[in-house]
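Participant: Sequence:
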Amino acid sequence: MNISDEMEKQLPRGCKIIEFPLAVDDRGALSFAEGARHIPFQIERVFWIYDVPEGKTRGGHSHCETAEVVIPLNGSFTITVDDGRHSAEVRMESSGKGILIPQGVWCHLHDFAPGTICLVFASHPYDASGYINDYSEYLNEQLSVVRYDLSRQTEWDSFVRISKNGTFLLERGYMDYHAARFTDCSLMFYKKGNLIAMLPANWKEEEGTVQSHGGLTYGGLIVSPSMVAINVLEVFSCAIDWMKRELGAHRWLYKPIPYIYSSIPAEEDLYALFRSGAVLKERGISSVIDCSNRLPMRQSRKSGCVKAAKSGLRIEQGNMTSHLEAFWNILAGILNEKHGKNPVHTVSELQLLHSRFPENIKLFVALKEESVEAGALIYDTGKVVHTQYLASSEYGKRNGALDLLLRNLIDDVYSDRTYFDFGVSTEDGGAFLNEGLIFQKEGFGARSIVYDTYEMLF
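Quick note: the sequence shown uses the numbering used here, first residue 1082, plus one each step.
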């Protein structure tokens, strides 16, 4: 097939047609390449192929490290490029055009016209050990992607637990409590038969949009501890390719997992977002205490604690029946008055999630006698304690109930955690900051991190 814009879109990952500058006058034509302006790597080797007998082929391999640009200086030939998932055939017949073949892409040159001369620029010197010459071996080395289904639940959950940035929110027992509201299109990525990364995601067909994830606070790429930057770039490329080909998607909304939740550094995806042309769509600001380097509480918060203690309020771990219902009613009343809506989770949903994750999801309450006057619904990931919901009755507000409750959680119950995350204080995708709310959280010594949403169009 001759080169066209539509054909170029079908090329395997990283392959690209390069059109070189052309000068034509009555003396003839001249094309040229000037270093990085036209060749996307430092040239370490140049070779040319010619006098290819009729019916013979060249290539039939991939390079582990070397990228190449292949140009038909004279004549023509067909090149087949294959990344293990998709392949394309391109007829190369213009000496003003070349094709970029990235490392790790299988290439095969065939159907040479008589007199053809093929010029190749390479990014590395020749090294026989850097070739894969067996196609079966090549396929085994390639990244593959599988759409999640229920048969893979155990494998999914096990990977979340050993990953460097997964939390219980990304296990299927949590993700799937509201499965009926979303069309799941979560992806699992394998290399050499081993699971190396997963993407929690849902599909909004009417918008042509993949969200990762529309029903979660965060839902970025979950990766194994061995994953490094180049692997994540490859996974992103594979994910985008799958979304376009299998779903017809043209948009990806991505919520990275905030760094505080990672057991070791895991922000390779932020670099991959940059490389993929992502733009920041939303930014929420959340208040977090670094428990190993705490700032002092403001006097106003301390005074609230004193007032609460004098009023006879006491702190307990609440039950998930009557205490939860009382707390939810306080919370719903506040949200209805301010925003005209209920909490995201119903009482029955919170009870279901607690039954699935009893050590991770807990309710703590401030009681006056047996009446719930304030509460905090806690999500505990082991490293980070997150206040999913906070609410106080009018009596609780007047008497510092939340001050006493939160100090108890920070100083006593969860004093051995790394971070205490109060959650975001923004609305409308970050356009509105609730200054009173964030001031209250900062009064406990919390300072800011961000919860982002990025948009990629393709």
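Be a bit skeptical, because a hint or two may be false.
[To be verified] The calculated label-pair distances, taken between Cβ atoms and stated as ranges, are:
1. Ser1384 with Arg1356: 47 to 55 Å
2. Phe1539 with Val1428: 24 to 32 Å
3. Arg1126 with Gly1463: 47 to 55 Å
[Said to hold, decoys possible] Okay, derived cross-link-like pairs now, DSSO-like style, lysine-lysine, Cα gap no bigger than 27 Å in a straight line:
4. Lys1419 with Lys1449
5. Lys1388 with Lys1478
6. Lys1137 with Lys1097
7. Lys1178 with Lys1097
8. Lys1383 with Lys1449
9. Lys1419 with Lys1362
10. Lys1478 with Lys1422
11. Lys1285 with Lys1362
12. Lys1478 with Lys1391
13. Lys1285 with Lys1422
14. Lys1419 with Lys1478
15. Lys1325 with Lys1285
16. Lys1443 with Lys1388
17. Lys1449 with Lys1391
18. Lys1325 with Lys1383
19. Lys1478 with Lys1449
What the hints contain is simulated information worked out from the structure, not anything from laboratory work.
Owing to the predicted nature of the structure, the values given are computational and were not obtained by experimental measurement.
Think of the CB as a built atom: it goes at the ideal place given N, C-alpha and C, for glycine as much as any other residue.
Participant: For every hint, state whether the structure bears it out.
Facilitator: Each hint tested on the structure:
1. Range check, Ser1384 to Arg1356: about 50 Å between beta-carbon atoms, so the 47 to 55 Å window is met.
2. For Phe1539 paired with Val1428, a C-beta distance near 41 Å fails the hint of 24 to 32 Å.
3. The supplied range of 47 to 55 Å is met by Arg1126 and Gly1463, whose beta-carbon atoms lie about 50 Å from each other.
4. Taking the CA atoms of Lys1419 and Lys1449, the gap is about 25 Å. The hint holds against a cut of 27 Å.
5. Restraint check for Lys1388 and Lys1478: the C-alpha separation of about 11 Å stays at or below 27 Å, so the hint holds.
6. Simply put, Lys1137 and Lys1097 have alpha-carbon atoms about 25 Å apart, close enough for the 27 Å limit, and the pair holds.
7. For the hint pairing Lys1178 with Lys1097, the CA-to-CA distance comes to about 10 Å; that is within 27 Å, so the pair holds.
8. For the suggested pair Lys1383 and Lys1449, the alpha carbons sit about 19 Å apart, so the restraint of at most 27 Å is met.
9. Note on Lys1419 and Lys1362: the hinted pairing holds, with a Cα-Cα distance of about 25 Å set against a maximum of 27 Å.
10. Of the pairs offered as hints, the one joining Lys1478 and Lys1422 holds, with about 21 Å between alpha carbons and a cut-off of 27 Å not exceeded.
11. With a C-alpha separation of about 17 Å, the suggested pair Lys1285 and Lys1362 falls inside the 27 Å cut-off, and the hint holds.
12. In summary, the hint linking Lys1478 to Lys1391 is supported, as the alpha carbons are separated by about 14 Å, within the 27 Å threshold.
13. A threshold of 27 Å between alpha carbons decides the hint, and for Lys1285 with Lys1422 the separation of about 23 Å falls inside it, so the pair holds.
14. For the suggested pair Lys1419 and Lys1478, the alpha carbons sit about 16 Å apart, so the restraint of at most 27 Å is met.
15. Between the alpha carbons of Lys1325 and Lys1285 the distance comes to roughly 13 Å, so the proposed pair stays at or under 27 Å and holds.
16. Simply put, Lys1443 and Lys1388 have alpha-carbon atoms about 25 Å apart, close enough for the 27 Å limit, and the pair holds.
17. Of the supplied pair hints, the one linking Lys1449 and Lys1391 holds, its CA atoms being roughly 11 Å apart against a limit of 27 Å.
18. As the CA atoms of Lys1325 and Lys1383 are separated by approximately 55 Å, the hinted pair breaks the 27 Å bound.
19. Distance check on the hinted pair: Lys1478 and Lys1449 sit about 13 Å apart at the alpha-carbon level, within 27 Å; holds.
Violation of the numbered hints given earlier is confined to hints 2 and 18; the remaining hints are satisfied by the structure.
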